[in-house]
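Protein chains: 2
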Amino acid sequence: MRRIKGEKKRRVQQVRASTEICHGGKILIVPLEGSHWVNMDIMIKALHSRGHSVVVVRTNKSWYIQDNSPHYRTITVPVTEAFNHDFINSIIKKIIDIERGESSLWSFASLQAEMFTAMFNMHRIMCKFATNMFKDKYLMNSLNESKYDLVLTDPAWGTGIMLAHALKLPLVYNVRWITSGEGHMAIAPSPLSYIPLTGSGLSDKMTFIQRVKNLIFSVIWQAQDGFLIHPQYQAVCDQFFGPEVRYSDLLQGADLWLMRVDFVFEFPRPTMPNVIYIGGFQCEPAKPLPEHLEEFVQSSGEHGVIIMSLGTFVSELPADITNVIAAAFAKLPQKVIWRHKGDRPATLGNNTLIVDWMPQNDLLGHPKMKLFVAHGGTNGVQEAMYHGVPVVGLPVFFDQYDNLLRLKERGAATLLTINTVDKDNNFVEAIQEVLNEPSYRMNMQRLSRLHRDQPITPLDNALFWIEFVMRHKGAAHLRTESYKMPWYSYHSVDVVLSFLATVAVITFLPLVFVRYVCLEKCMKRKTNKK
Amino acid sequence: MRRIKGEKKRRVQQVRASTEICHGGKILIVPLEGSHWVNMDIMIKALHSRGHSVVVVRTNKSWYIQDNSPHYRTITVPVTEAFNHDFINSIIKKIIDIERGESSLWSFASLQAEMFTAMFNMHRIMCKFATNMFKDKYLMNSLNESKYDLVLTDPAWGTGIMLAHALKLPLVYNVRWITSGEGHMAIAPSPLSYIPLTGSGLSDKMTFIQRVKNLIFSVIWQAQDGFLIHPQYQAVCDQFFGPEVRYSDLLQGADLWLMRVDFVFEFPRPTMPNVIYIGGFQCEPAKPLPEHLEEFVQSSGEHGVIIMSLGTFVSELPADITNVIAAAFAKLPQKVIWRHKGDRPATLGNNTLIVDWMPQNDLLGHPKMKLFVAHGGTNGVQEAMYHGVPVVGLPVFFDQYDNLLRLKERGAATLLTINTVDKDNNFVEAIQEVLNEPSYRMNMQRLSRLHRDQPITPLDNALFWIEFVMRHKGAAHLRTESYKMPWYSYHSVDVVLSFLATVAVITFLPLVFVRYVCLEKCMKRKTNKK
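Quick mapping for you: the protein sequence lines, in order, are chains A and B. In short: position in the first sequence from 1, add 103, done, that's our numbering. In short: position in the second sequence from 1, add 103, done, that's our numbering.
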């Protein structure tokens, strides 16, 4: 089929209509930290460039969210305790020890306990954040008087959700995770037979045993949510809104879910009318590289360039692993750019450039880019997909294995675990396989073509729907309120039980009657005989 | 909030990208008759104007689909029997008699039997259509050699679905109904607790009794599908594809479902990634009226105009009802345009113009339009919504009551049944209520604003996704194949039962063991005592 560029009159009219924009909107944002903030910041800049004024609510202990920005104004709520995000390095060390078999069952239990505690503490601090904010009458009055159009938040933390309720404002999510795993789980029917739970490492095609595993993961997530996390937020709701306001209703009642995936990446699954897919909204065509990087990249000649990054959180790997990685890179004819913060590995080759930070999107979009060694964070994976660069995955924790699995299932990535990197040339062989087997690149470029072939870019889609909520004061018509039904009604348990009871009565009543009549007759006969 | 027109650089770039079109695509269409054809014809004209060549497959007994058109070529498959669509007038007469209480239970049973028979016969003829086509080796070879890009069909009839399988082509639906009710029911989880079944006359908020009714409707639909309709198509599959090919799999396995509703009209519900909403794709801004109609409309002065149409199928109502309707219209200060094919009512007023056909969309979009008296077909309801014209509904059969109910629930319509039209000034009062109570018009205009506020028009969206399927040879990544699982796996019945069995074994095994040990000891003691 021939593809040409053309502009039909009707299309152009349509375009004009879709560029009607809302100016002067006022948006209150309660963001999350880390890579989530990197995302939200892109959205904020886009909203700012469309003429909206953005106010960001953060704590005084924020790690990422800057106080001063040309794109937004901040409101800082004091909390006494900061979340200690150094726990991540301690967790990574434990994970590596466990994966290497150097640890006992006790270490495994202690790792799980540490992760649960960290999560519990994070939500505890978020609840403190909300409590301090709601107690501050002056602040709440001023927020009320500012007449915002909506609250935009990441619902993996609950402060923004409760703030929207307190201010009676429409609520929009920039979301991938909620407290109980993947965002869809809160509102879309999710049959466990083909919807793999977060962290289960399963795909949408499962064996019987895998489906059992999936059910167990579902129980763990729900228990964690029901016993550890929701009660904390519910306590804040009880204190400020009264016990009739359920936190889970507030979470499920958002107007729109701007979901940071799409179905080129995610396995197909049931969804809801108020879920808008914006996966890869942060991706854009590559900009020119800084001069020194461009020079380095060009020096790779026909062999091209590899980049490696383990994301925002992972700053250090154990020296023995980094040495193996560096030695593997040194064997390759490609040039390598490695985002690495620890000590300089002793085995580093001349072909490898170590950097503190790199323009990842611009490098991935460079024509000389051959391969991305990635930890599997959503952002990196989406950028690799957007630019069609195949991946060697080195997942560490959270959703990283699940993310990389989605690429692997489509033949666009290969996966290593941290514990096998240093064994039997595993790492260099994985890289060479992806470099030399053309199907990896072809599959990733197919994903890239599918992902880019949308009627409107994901970022424009996000902006359209945020402004839609402003124009119509919400999007209630897209939201089912079925979550307000009791579970037995939602699942028709009451109807089915009544139906079965009726059938039983209709079946047994004549039997009982017949039996009664027979007995009566028998008795009479006996009496007569006597 | 101020709304202005503006064009940002990035938006324009995006627009250019989204207007990249596929030229020279070859599309094979197996349409449905009646108002479904009216819809499909609009789609065909749009596809033709985008440079695609369209071939329509029809029978020699087609009622609506013309043989000659500048927009498509036809392939005509001979069948010996035509579907007798006059049955509709007979059914309408029976419905009116029943609604008026002039009929016995016997008439009700006979009506149901007649409707089932008509449906059964319709699908029987469609199966004959498919059989004759598949038997014609020459035709099938020629279709195969023509290398179409996809089959576009309306899955309420199954011929196109099986043809796509026979030709191994991607399959796209222009759909609202399937054989077992509303299209979503085939692929999206549809909890009966808040998804009202077609024909049930229920909304998404149901009492316990209504949920029981909904379950009964679900059973009826499924029985009708399972015993009357699917077996006919399955027999064709068995004959030509072998028994391992299940018709229900073919139905569920379409690449895309272009669904002729949106969530301004339909109650919010779970959906799937491969369902694209194109509700109202046939609507467009009003064109100028023919001179005589414009003159008539203008003569209404400040009072404005009312139009009435009972759609494609209903040509005649009983004379006593049309007389009441005409007399009611005669009392109004408005001018009335009435699409009516029967005898001229004796009570017709000077303000009422009877027409055989009218440019409904152009009239609905006229500034003097005040009210639409409609039977509730999807097309008319969507057009009324698009133009923001409130409705007095006179539903007769099929989905009409359900369609009008959706407007009524949003305060944009009022409903009458045919049997109450002629009692106590009901009809004229209903019209006056909608004319005089401003909320009807305001609510409908709110729906209109919501419906029109989309990033891309429904027709452009339909065209984009049809061309997407051409560009990528299908859209498998948007389609879950969970429908291929056995029901007990899909609903995790096997997993849950195994889990319960394991729990039971773990609980009872120690008890059994303890009991065994105790018994052993007791026995020994007894033996010792002896």
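It is worth saying that the hints were derived from the structure and are not from the lab. Treat each hint with caution, since some may be false.
For chains that are exact copies, the list does not tell them apart, and a pair is met inside one copy or across any two.
Derived lysine to aspartate or glutamate pairs resembling EDC-like cross-links, with alpha carbons at most 16 Å apart [said to hold, decoys possible]: (1) K271 - D527; (2) K240 - D556; (3) K250 - E398; (4) K316 - D597; (5) K129 - E184; (6) K587 - D189; (7) K238 - D200; (8) K316 - E540; (9) K231 - D525; (10) K316 - E184; (11) K196 - E394; (12) K308 - E584; (13) K587 - D307; (14) K240 - E405; (15) K231 - D352; (16) K576 - D556; (17) K434 - D170; (18) K238 - E536; (19) K250 - E532.
Now the hints, each set against the structure:
no.	hint	verdict
1	K271 - D527	neither (60 Å within a copy, 46 Å between copies)
2	K240 - D556	neither (49 Å within a copy, 38 Å between copies)
3	K250 - E398	neither (51 Å within a copy, 49 Å between copies)
4	K316 - D597	between (29 Å within a copy, 13 Å between copies)
5	K129 - E184	neither (30 Å within a copy, 65 Å between copies)
6	K587 - D189	neither (39 Å within a copy, 47 Å between copies)
7	K238 - D200	neither (45 Å within a copy, 67 Å between copies)
8	K316 - E540	neither (33 Å within a copy, 59 Å between copies)
9	K231 - D525	neither (44 Å within a copy, 66 Å between copies)
10	K316 - E184	neither (37 Å within a copy, 56 Å between copies)
11	K196 - E394	neither (37 Å within a copy, 83 Å between copies)
12	K308 - E584	between (31 Å within a copy, 9 Å between copies)
13	K587 - D307	between (29 Å within a copy, 13 Å between copies)
14	K240 - E405	neither (64 Å within a copy, 54 Å between copies)
15	K231 - D352	neither (20 Å within a copy, 53 Å between copies)
16	K576 - D556	between (31 Å within a copy, 13 Å between copies)
17	K434 - D170	neither (45 Å within a copy, 70 Å between copies)
18	K238 - E536	neither (58 Å within a copy, 50 Å between copies)
19	K250 - E532	neither (58 Å within a copy, 43 Å between copies)
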